[in-house]
Amino acid sequence: MSSAVDTAAPSPSSAAPLLEIRDLRVKVAGQEVLRGVSLTVRAGEVHAIMGPNGSGKSTLAHVLAGRPGYDIVSGSTSFQGRDLFALAPEQRARAGLFLGFQYPVEIPGVNNAYLLKAAVNAARRERGLAELDAFEFLALVRTKIKLMQIDESFLSRGVNEGFSGGEKKRNEILQMLVLEPKLALLDETDSGLDIDALKVVANGVNTLRAADRSIVLVTHYQRMLDYVVPDFVHVLARGRIARSGDRTLALELEKRGYDWISDQVAA
Amino acid sequence: MATSTATLRSATLDRILQDYAAIAARLPDAAVPRAQRAHALAALSRLGWPRASDEQWRYTNLRAFEAVAAFRPAALAPAAPAPDVSDALELPPPLPGFQRLVYLDGVRHSAVATAGNGTGSAASASAGKDWPAEQRLGLLCDMFASDSAALRIRGSTAIELLFLTSAAAAGAGCYPRLQVTLDPDSELNLVERHLGAPAAPTLVCANVRVEVGRGARLMHYRLQQCGPQIAFADTLAAQLDEQASYSVRQVTIGAGSARTSAQVRLTGRGAAFSWQAIAVGRGQQVHDTALKVEHLAADTRTEEVFRGIADERARVAFSGHIHIGASAPGSDARQSLRGLIEGAGAEIDLRPRLEINTDEVKAQHGATTGALDENLMFYLLARGIDRTTARALLKWAFLGDVLRAIELPQVRRAAEHGAAGQLPDVMAIGALT
Chain U
0 MSSAVDTAAP SPSSAAPLLE IRDLRVKVAG QEVLRGVSLT VRAGEVHAIM GPNGSGKSTL
60 AHVLAGRPGY DIVSGSTSFQ GRDLFALAPE QRARAGLFLG FQYPVEIPGV NNAYLLKAAV
120 NAARRERGLA ELDAFEFLAL VRTKIKLMQI DESFLSRGVN EGFSGGEKKR NEILQMLVLE
180 PKLALLDETD SGLDIDALKV VANGVNTLRA ADRSIVLVTH YQRMLDYVVP DFVHVLARGR
240 IARSGDRTLA LELEKRGYDW ISDQVAA
Chain F
0 MATSTATLRS ATLDRILQDY AAIAARLPDA AVPRAQRAHA LAALSRLGWP RASDEQWRYT
60 NLRAFEAVAA FRPAALAPAA PAPDVSDALE LPPPLPGFQR LVYLDGVRHS AVATAGNGTG
120 SAASASAGKD WPAEQRLGLL CDMFASDSAA LRIRGSTAIE LLFLTSAAAA GAGCYPRLQV
180 TLDPDSELNL VERHLGAPAA PTLVCANVRV EVGRGARLMH YRLQQCGPQI AFADTLAAQL
240 DEQASYSVRQ VTIGAGSART SAQVRLTGRG AAFSWQAIAV GRGQQVHDTA LKVEHLAADT
300 RTEEVFRGIA DERARVAFSG HIHIGASAPG SDARQSLRGL IEGAGAEIDL RPRLEINTDE
360 VKAQHGATTG ALDENLMFYL LARGIDRTTA RALLKWAFLG DVLRAIELPQ VRRAAEHGAA
420 GQLPDVMAIG ALT
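Taken in sequence, the protein lines are chains U and F.
Residues in the first sequence are numbered consecutively from 0, following numbering that gives the first Met the number 0.
Residues in the second sequence are numbered consecutively from 0, following numbering that gives the first Met the number 0.
Think of the hints as simulated: they come from the structure by calculation, not from any bench.
Check each hint, because a few of them may be wrong.
Taking beta-carbon pairs under 10 Å as the criterion, some of the chain F residues facing chain U (in silico) [claimed, not checked]: (1) Y19; (2) E373; (3) Y378; (4) L380; (5) I384; (6) D385; (7) R386; (8) L392; (9) A396; (10) F397; (11) L398; (12) G399; (13) D400; (14) R403; (15) I428.
Cβ atoms here follow ideal geometry from the backbone N, Cα and C, with glycine treated the same way.
From just these sequences and the hints, can you work out the full model?
Structure, rendered in structure tokens:
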């Protein structure tokens with residue numbers, strides 16, 4: 000792991016980098032939002048990216064997932080050794096990158112089961128695997144549904160249609176578990192969750208942890224990190240990673256807030 | 000503004016009058032009384048043939064109607080029992096629990112009719128009622144109709160009406176005519192389908208009059224799936240008595256050019272009207288709908304939902320006018336109009352209009368036209384769905400709320416297959432399994 004400023008950061012593992020961002024600069028509507036972000040995420044690692052509102056956390060997640068509307072000014076990003084920005088959003092997803100949305104959209108008329116099955120099979124085709132038939136798919140999804148404490152009737156409902164905020168977040172994690180990505184970028188997945196829902200979501204995230212997968216949690220508060228313990232914590236301020244450390248950094252932020260780091264960056 | 004008779008005369012109107020003069024003596028009185036035909040003739044002569052410069056007609060492809068070779072009806076008398084109509088046209092499978100009535104080229108086809116009590120061919124009870132200027136194509140049907148379906152409902156029943164246009168009708172007119180009267184507290188599920196694909200420009204000009212009595216309930220499914228050579232005009236007038244309920248689920252996917260003009264009057268306290276419709280046009284199809292609802296009594300309700308997709312060079316238009324009169328406090332009117340432009344040369348025109356003349360009403364309306372929502376598109380792409388499939392899914396979802404409102408599974412399937420047939424990418428991904 001490397002970043003612009005390292006303080007008390009744990010030693011990186013010897014695993015190969017899954018995601019490598021170098022000096023990434025991004026503009027939105029002519030304004031520079033990311034101003035030289037560098038980050039290395041290796042297989043098996045969990046990183047938390049924290050920061051005040053407007054620091055560029057969600058921008059980073061969305062740029063990595065390929066959302067249109069961002070102007071990549073300079074820098075490079077590789078994912079599993081491939082140039083990430085050369086891939087279309089759907090190719091990134093099929094290659095194993097998953098974005099958990101902060102505000103999952105509702106798509107009435109497209110049911111959850113159809114979306115999930117199409118997504119699973121798109122990823123399997125990419126990997127040269129046979130597509131799942133309806134029975135195989137149902138067997139797979141049933142185990143994950145139970146884990147996320149979601150009623151099976153959700154499958155026949157429109158994507159996120161009429162779901163509460165917590166249900167939407169659980170559905171995001173369900174999708175993640177079914178798709179089994181190599182890298183999960185979870186954009187403020189903890190926002191708007193009560194403590195019970197937070198535990199369910201965190202349990203789902205922990206289930207995905209494996210030696211060959213990585214998770215990047217984008218969050219404003221450290222409470223999620225009580226349940227999903229990160230290997231590394233980074234603070235994004237004014238478009239840069241201003242500080243990196245282990246999970247004690249998150250606890251320090253909880254006590255001191257973000258202003259002291261933002262002030263350091265401004266200075 | 001006064002307009003001289005001379006300026007209202009057009010070559011088309013002249014042809015209509017000539018055709019009528021040539022055949023008037025042979026038109027059956029049993030379908031439309033002679034006096035009513037004459038009344039319609041006089042009214043059309045006075046109003047003139049509509050022009051594209053008229054606001055009410057500017058989105059209608061009048062040329063398609065003018066291209067029909069003759070306005071005379073294709074058939075004058077009920078068809079003989081044989082040959083079976085299915086020899087000429089493939090009929091959809093019957094709906095379980097529904098009586099089926101078949102009209103071929105505007106005339107009752109007795110061979111496949113299974114009418115029960117309260118149904119039959121008869122002159123409608125609407126003699127003397129005028130069609131307003133924006134519904135003047137209804138006058139054509141009054142002039143030329145060779146038959147008339149009259150449904151008087153007591154109790155509860157379900158009826159399917161198939162209006163078929165055969166190859167033999169090519170170049171002429173078909174005039175389906177329907178009068179539906181629901182007695183107080185009765186209930187009717189009505190399916191009205193228009194089918195047929197003649198090889199030459201053909202006019203199908205339908206009139207529907209609906210009267211829903213006190214506490215009665217009418218669910219009216221309307222599927223227009225005519226072939227591309229048909230110019231389809233559909234004129235509907237409905238009146239709802241106290242606590243009556245009238246729900247329309249309309250699917251417009253066929254005909255080269257179609258014009259639906261509907262006027263609904265909520266005259267009884269607590270009457271409720273619901274109109275949920277889709278129109279999907281592709282190629283050079285033109286689908287134009289003008290709906291006017293008048294709230295004339297207290298506590299009346301309207302729910303209006305329209306979803307239109309224009310692909311390739313198609314034009315889809317919807318005008319929704321809701322008038323809440325001074326006599327209608329406590330009214331509730333909701334209108335949601337959405338259009339999706341899919342083709343570079345396509346056009347969507349949505350015109351919401353709420354006119355409120357009393358206090359204490361709830362009213363909301365929204366109209367949006369545009370391309371597919373980029374946020375929804377990105378969500379699907381971020382799940383690995385390819386762009387073509389994502390587009391197809393979102394188009395299908397766009398129509399979803401109206402299609403899901405079709406409660407009868409067989410009718411919903413027919414509507415879904417018809418709509419998907421207009422959207423080849425939707426058909427390709429098998430979204431409607």
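The hints, checked one at a time:
1. Interface hint at F/Y19: violated, since its Cβ lies 47 Å from the closest Cβ of chain U, which is beyond the 10 Å cut-off.
2. Given hint, F/E373 at the interface with chain U, holds; its Cβ is 7 Å from that chain's nearest Cβ, closer than 10 Å.
3. Taking 10 Å as the C-beta cut-off, the interface hint given for F/Y378 holds, the closest approach to chain U being about 5 Å.
4. Satisfaction of the interface hint for F/L380 is found here, the shortest Cβ-Cβ separation to chain U being roughly 4 Å, below the 10 Å cut-off.
5. Residue-level restraint check for F/I384 holds (minimum Cβ-Cβ distance to chain U is 6 Å; threshold 10 Å).
6. Given the 10 Å rule on beta carbons, the hint for F/D385 holds: about 6 Å separates it from the nearest Cβ of chain U.
7. At its closest, the beta carbon of F/R386 sits 7 Å from a beta carbon of chain U; the interface hint therefore holds under the 10 Å criterion.
8. Given the 10 Å rule on beta carbons, the hint for F/L392 holds: about 5 Å separates it from the nearest Cβ of chain U.
9. The interface hint given for F/A396 is met, as the beta carbon of that residue sits about 3 Å from the closest beta carbon of chain U, less than 10 Å.
10. Proximity of F/F397 to chain U holds as hinted, the smallest CB-CB distance being about 7 Å (cut-off 10 Å).
11. For F/L398, the shortest C-beta to C-beta distance to chain U is roughly 7 Å, which falls under 10 Å, so the interface hint holds.
12. Because the closest C-beta pair between F/G399 and chain U is about 3 Å apart, less than 10 Å, the hint holds.
13. This hint holds: F/D400 has a C-beta 6 Å from the nearest C-beta of chain U, less than the 10 Å allowed.
14. For F/R403, the suggested interface contact is upheld, since its CB lies about 8 Å from the closest CB of chain U, less than 10 Å.
15. Contact between F/I428 and chain U, as hinted, is supported at the beta carbon level, the nearest pair being about 8 Å apart and thus within 10 Å.
Of the numbered hints stated above, the single one contradicted by the structure is hint 1.
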